[in-house]
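Participant: Here is how the chains run, residue by residue.
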Amino acid sequence: MGAIRDALAGRRIAVLVGSGGVGKTSLAAALALGRALEGGKVLVCTIDPARRLANALGLASLGNRESRVPEEKLALAGLAPGGQLFAMMLDVKRTWDDLVARHAPDQAGRDRIYRNRVYQQLSSALAGSQEYMAMEKLYELATERDYDLIVLDTPPTAHALDFLEAPGRLLDFLGNETAQALLAPALSAGKLGLRLFHLGSSYVAKTLARFTGTEVLTELAELMASFQSMYDGFKNRAAAVRALLAQPEVGFVVVSSATPASVDEGLYFFERLRADAMPIAGVVVNRVTPALWPGGGPTPPASALAEAVAAHFPGARPGPDGLAARLARTLEEHETLARADAAEVSRMERKTRARLVAVPRLERDVHDLASLSRLAARL
Amino acid sequence: MLASLSSAVPGPALLDRRLVVVTGKGGVGRSTIAAALALVAVRQGKRVLVCEVNAQERVAPLLGGPPAGPSAREVLAGLSTLNVTPRAALREYGLMVLRYRAIYDAVFENRLVRFFLRAVPSLSELVMLGKILHEVRFEEGGRPRWDLVVLDAPATGHAVQLLRVPRVLLDTVPPGPLRRDAQWMQALLVDPAVTAVAVVTLPEEMPVNEAIDLDQAVREVLGMPRGALVVNALPRERFSAEELGRLEAVREAPPPLGPAARAAWLQGVRAELAMGYLARARAAIDLPTVEIPLIAREAWDLKAVEEVALWLEEALARHPAAARAASSGGPA
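Sequence lines, in order, name chains H and R.
Using the numbering used here, read the first sequence as starting at 3 and increasing by one per residue.
Using the numbering used here, read the second sequence as starting at 140 and increasing by one per residue.
If you are wondering where the hints come from, they were derived from the structure by calculation, not from laboratory data.
Don't be surprised by glycine CBs; every beta carbon is placed ideally from N, CA and C.
Keep in mind that the hints are not guaranteed to be accurate.
Said to hold, decoys possible - Partial pick of chain R residues on the chain H-facing surface, computed with a CB cut under 8 angstroms:
hint	residue
1	Gly204
2	Ala294
3	Phe378
4	Ala380
5	Val389
6	Pro395
7	Leu396
8	Gln406
Just chain H, same shape as in the assembly (with noise of 0.2 angstroms):
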């Protein structure tokens, strides 16, 4: 076992972070099936996977609820798991309409806000929404079911943590006090049907009508108004789910590949959790170029080469597009990616201190249930 499932061990939860294109998804269901593997009862919840990772998971048609991933399909993988992995795809839209059907005091309140135009636009495509909800899941996976591990993979965001921040943003704002005050005239008059002017004399609202339109406001206002007796319940929660990210059952999973830009966010989201004391069990560097080289020193130029190839490969062309040339450039190029790779990824351990695992590029893509559990193995 490597150093992150070691890291792991004891933990209940995994939460995977990094920037997008790293390859989150397929490390989290590669922890995922190493641990159900060893025996556990495992649960992977993934955000977009690629269609063949999801159709190895058997996660073809599902949103938003756990499946187990069926023994045949393991079989056929050559493997044996002590444990079951389940698997599960988050879908934001339902989760966000779960959260206020288990909040609204009735079904007509649920349904206003279901209509709500901010609230649409908030439940699908507000900044920090998809994050918040991938919380709020994994909260309520944590906390009513049985899993001895869930592995969070999370949402590529535009802003890194915006997943520890945007529930806190989101009822900031819902829940602004003095945005209701503002609002006030507005949500008294909410059943006669709301215009603008019933927004008072107040100047800042006015203005800010010349930018948005009046309907803007005035949905915005319902939904506020809608909102208000379940702020509680929403507050509760999120900072319920927030305490839940601090315990140490939680495992932190920092994520970048061995690009400079994508070092740099993943170093970015390391000292964010750390500044928030957040639980970090280890740092994964992916798609390593592996160092072929002994002693890492100069290549050999095709001259070198020439005796061996001429030795295994009778008839092969000398020249500068002969195969000893060829090899020779290869060789060359794939050593000068192993060092540019290999500085990102020491970078990487001198900043974080953290546990580290390089996972070498593999050869194929990771999208089968055999090459996760050869991933899985490396970390």
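For this one, chain H is given, so just place chain R on it according to the hints.
Facilitator: Frame of chain H, contents of chain R only:
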């Protein structure tokens, strides 16, 4: 083939438009491609602005300069960069609408109002896009301030969210200043004489899936003119299948042959996979494909971007629309 290419790319050559929007999945090298496109245009004598959107700035540092912040700053002769932030863009936009700074400050520097601005659907996207498009159409002394604006747009979903704001507003907002702004912005975005979208991808599964979805969104959701598909970091097939088979067999041989064979075999596997994904992207996206080979470098700096720019320049010159523009004498 030529006919289908030119129907996919009506209007002038990519860099003869006024606005090129560069987008694609996270991690595919959008900023590098945006910076390289800008370099190519600068070499053609254009004055170029690269806009990043509320990002940790990459373009200016890639080109060897300090981050520009929220107002344009020249990083190389003829090439400026800018990082558009919601706060600065809102301020600029607010001042344009309200005309008086004191009023703006009273209203918009209010902490409470900033809450609203976050929740009011798409307002921050609107002001950021407004700032960028304002740069596109701004003229001084009877000529445009910039010959070309390259927008280093956010990753797929966020880019669509940004670019569809004018249309959403046109569907929902009653007549007023906001609607008037949405109108000119939308007109500019869908005009093939002005704008083109360049989708960047890597020859890998997820980036290609996303590029295909994105291209569909550009056509069906945004209705914007599409310019090119840029396939970045493409490993070339360098060894024949027969050679690879035999190289695989000697991967464990002692150095120098073993390590060289292993590197070659890895390269071959990767190139073969990449060719498959390239073919899939081409089959699904009827755009001229610009292929940028995988460039092995220890540091990503101006030299690296210049190398990418050379490949871009060559590929764009082969591009039928580019050839058409060249034969008609190009821009004045």
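Participant: List, from low to high, the hint numbers that the structure doesn't satisfy.
Facilitator: Result: hints 1 and 4 break, sorted rising.
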